[in-house]
Amino acid sequence: MRRIARSGRSIDLLRARATAQTPSPYLCSACKHQATSFSTSSIRAARKNGKVPFTEKIRQRIWGTDRPPGQEDPYGDKSVFDKTKERAKIEEAEEREEQLVASKPKPDLSTYEPASTWDGLEKVGGFGSWWKENWDPDHQFKGFLPAEVMKDSDEVTAALHRAIVEVYALQQAGLPLQDISAAVPGVDLTHEVQISPSASGVTLQFSEEASLEQIVQSLTPAVEDETAVKEHPTESEEDVAADRSTIDPLHPKVDETAEKENPTESEEDVAADRSTVDPLADSTQMTYDELVASWDPSWLQISLEDPEVKFAVMKRTMQLTGLRIPDAAIMPAKTVKGLLAHLVKPPKPRKLVDALQQKEELMNIPNVNIYAKRVTPIDKHKRVGRWKVIEKELEERGLPVTGHEGQAHAYGDYR
Amino acid sequence: MASKGLQSFSRSLKTLRALNTGSKDPLTQCLAPRLSRSMATETSLPSQTSREYDPTFLQTATDPAFEIQDSVLTTIYKFPTMEPIRFESYASKHLHLPLRRDILHRAVIFEGDFTRQGTASTKTRWEIHGSHRKIRPQKGMGMSRLGTKQSPMLKGGGKSFGPHPRDFATALPKKMYDLAWRTALSWRYRRGELIVCEDGMDIEYPKTRFVKQIFEHNHWGREDGRSLVITGSFKKNLFRALRHAGEDGRIQMVREVDVKDLLELGRVIIEKRALDEILNEHQSDLVSQVRSAV
Chain A
1 MRRIARSGRS IDLLRARATA QTPSPYLCSA CKHQATSFST SSIRAARKNG
51 KVPFTEKIRQ RIWGTDRPPG QEDPYGDKSV FDKTKERAKI EEAEEREEQL
101 VASKPKPDLS TYEPASTWDG LEKVGGFGSW WKENWDPDHQ FKGFLPAEVM
151 KDSDEVTAAL HRAIVEVYAL QQAGLPLQDI SAAVPGVDLT HEVQISPSAS
201 GVTLQFSEEA SLEQIVQSLT PAVEDETAVK EHPTESEEDV AADRSTIDPL
251 HPKVDETAEK ENPTESEEDV AADRSTVDPL ADSTQMTYDE LVASWDPSWL
301 QISLEDPEVK FAVMKRTMQL TGLRIPDAAI MPAKTVKGLL AHLVKPPKPR
351 KLVDALQQKE ELMNIPNVNI YAKRVTPIDK HKRVGRWKVI EKELEERGLP
401 VTGHEGQAHA YGDYR
Chain B
1 MASKGLQSFS RSLKTLRALN TGSKDPLTQC LAPRLSRSMA TETSLPSQTS
51 REYDPTFLQT ATDPAFEIQD SVLTTIYKFP TMEPIRFESY ASKHLHLPLR
101 RDILHRAVIF EGDFTRQGTA STKTRWEIHG SHRKIRPQKG MGMSRLGTKQ
151 SPMLKGGGKS FGPHPRDFAT ALPKKMYDLA WRTALSWRYR RGELIVCEDG
201 MDIEYPKTRF VKQIFEHNHW GREDGRSLVI TGSFKKNLFR ALRHAGEDGR
251 IQMVREVDVK DLLELGRVII EKRALDEILN EHQSDLVSQV RSAV
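Those sequence lines, one after another, are chains A and B.
Counting from 1, one number per residue, gives the positions in the first sequence under the numbering used here.
Counting from 1, one number per residue, gives the positions in the second sequence under the numbering used here.
Treat the hints with caution; some may be incorrect.
[To be verified] From the structure, some residues in chain B lie toward chain A, with a derived Cβ separation under 10 Å:
| # | residue |
| --- | --- |
| 1 | Leu95 |
| 2 | Lys139 |
| 3 | Glu204 |
[Claimed, not checked] So the derived label-pair ranges between C-beta atoms look like this:
| # | chain 1 | residue 1 | chain 2 | residue 2 | range |
| --- | --- | --- | --- | --- | --- |
| 4 | B | His244 | A | Ser196 | 51 to 59 Å |
| 5 | A | Pro347 | B | Ser292 | 33 to 41 Å |
| 6 | A | Ser198 | B | Pro98 | 52 to 60 Å |
In short, the hints are calculated from the structure, not lab data.
In this text, a Cβ means the ideal position worked out from N, Cα and C, and glycines have one as well.
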């Protein structure tokens, strides 16, 4: 519809238009018609609100107002039957609610205090922690290496010693070396065992506390009744367990892996074993560095040339310490010492002086000196015994003693 | 001739240095035997001394890791648990090559060039749509002379020397590229960052939270520099799980991997099958291509 811009628009008409919208119009129909025909705002408003249906437009045109009398939508409303039905439904729901409210005991609100913080309030909605609470506990990953890594170097040395003793014990017992990691590492029995290289191979000196049989026994997987504590394993867990076992099928596989899966008493022992104080060493109050010192140092010369022994030692060490030994370190290690050199690294020196002083090839050169601080002209004076004299002279003349720049200049040395 | 020239040069260099570094005392400077220097016995060039004082040389001289060997050991792990299963041996020319940064650099540049899409395109004045009518008369308007509106100096006009689709790929000898592959793997091996896993690596559940547990347990995750997992084929659970754990690492099939990928992240966890495939495909400099006459 084309609209004409009207410059002089009568304010009376606008007033008439405003009154026309009131429920009791008193203007004659001609006036009404005139007022509406001039109005542009109403159409604009209607369009702004959305689409005006065609029937509504017709009705508006017939009545000559924006709000024709009668029903809101005389063609699209529900029938009387539907309306009664709906009303009945609402009433029924209200009745039911009333009954529920009536049956519920009213809480005593006399002691109610609204919370000022949200701590301790129940959280409603969302499933942010659903997986954490319901899925994660049943699907815990259990790796071959322990979760926490040994950090203490003496502890690591002790673990390597243990691994070597156990490997050679297995070898002496004539058992296959692949079973070295079959059992969960328990109490360390090898503290007292002395191991040293010999012409034929390796000699093991067992103590009263740990005989060959006991060590071999500790390495074989636990028997069935020990792991009876085990609760019903889920199928997935069994799958994992089956996957993990690499030992020969003749061996009692199930109980071994079952014990691995569930933290039983023996594992708690392991945890206790990992702590700094060992139950065995507890009686004598022996720390790991004393323990390492108590062994014959020749155990470091034991050969690892046999790849089978090397593999078993590497595997057991990794299982005990949690440190993954990279291939590049395994390959060149011909003796235990070589392997230990990778596992136990001296801490990195914090200062450059320390790093340089550790280098023998630098220290052995006769014309090289290493100083912790910059060598100043004062140091040079001190070295030849001249500084005391200079200091005295400076003090006599009331000159600053600290500054050596002037001195340096005097000697033609710019710092 | 050349060696003589070099000798005399080194001699004069030494006298110069003697003058400079000698004591500042003018007396000693005067007494310094300048001319007799040329008559002195010859000493070796300083290149040897520098080699002598190279600390890495001293370290490596006695290090058995640097002994020449035919093959190197590699531990094969079982994938999610990382239990060592056995040792495998690989040729030294496959996994124990010395680091060649230059070759690695060339390989990475070669790959980068090859990967460039090269689809940037602009229109010249001859390609721009429109009439070639003269914009205004040549003379009489008091303004500059203009021809068509496609002129490059006008807004909406053509681009004079703009980009056009082209191939950015550069060439690299195949033997060099293959050496770069093995050098990259060797570099990882020497640093202890090459973890070879048994064939058929996959996990039980296609869950990111599960693979995150595995990465955290093995120290492969974000704190430890992320990891690249390479498999020989598509593994449903592992791929689905790692797809959303990008902050902890990346998973790729062996045919999607290039040298740059091997060098990028903290470590490479590779299926044995994939490693064998890479080594088998990238050994053109080791294996003769000449066919036997049989």
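For each hint, the structure was consulted:
Among the interface hints, the one on Leu95 (chain B) holds; its C-beta lies about 8 Å from the nearest C-beta in chain A, closer than the 10 Å criterion. A distance limit of 10 Å between C-beta atoms decides the matter here; for Lys139 (chain B) the minimum to chain A is near 47 Å, and the interface restraint is violated. Evaluation of the Glu204 (chain B) hint against chain A yields a held restraint, the C-beta minimum of about 6 Å falling below 10 Å. Roughly 54 Å separates the CB atoms of His244 (chain B) and Ser196 (chain A), a value that falls within the hinted 51 to 59 Å.
Range check, Pro347 (chain A) to Ser292 (chain B): Cβ separation about 58 Å, and the 33 to 41 Å hint is violated. Our hint of 52 to 60 Å for Ser198 (chain A) and Pro98 (chain B) is violated, since their Cβ atoms are close to 39 Å apart.
In the structure shown, a violation is registered for the earlier hints numbered 2, 5, 6, in ascending order.
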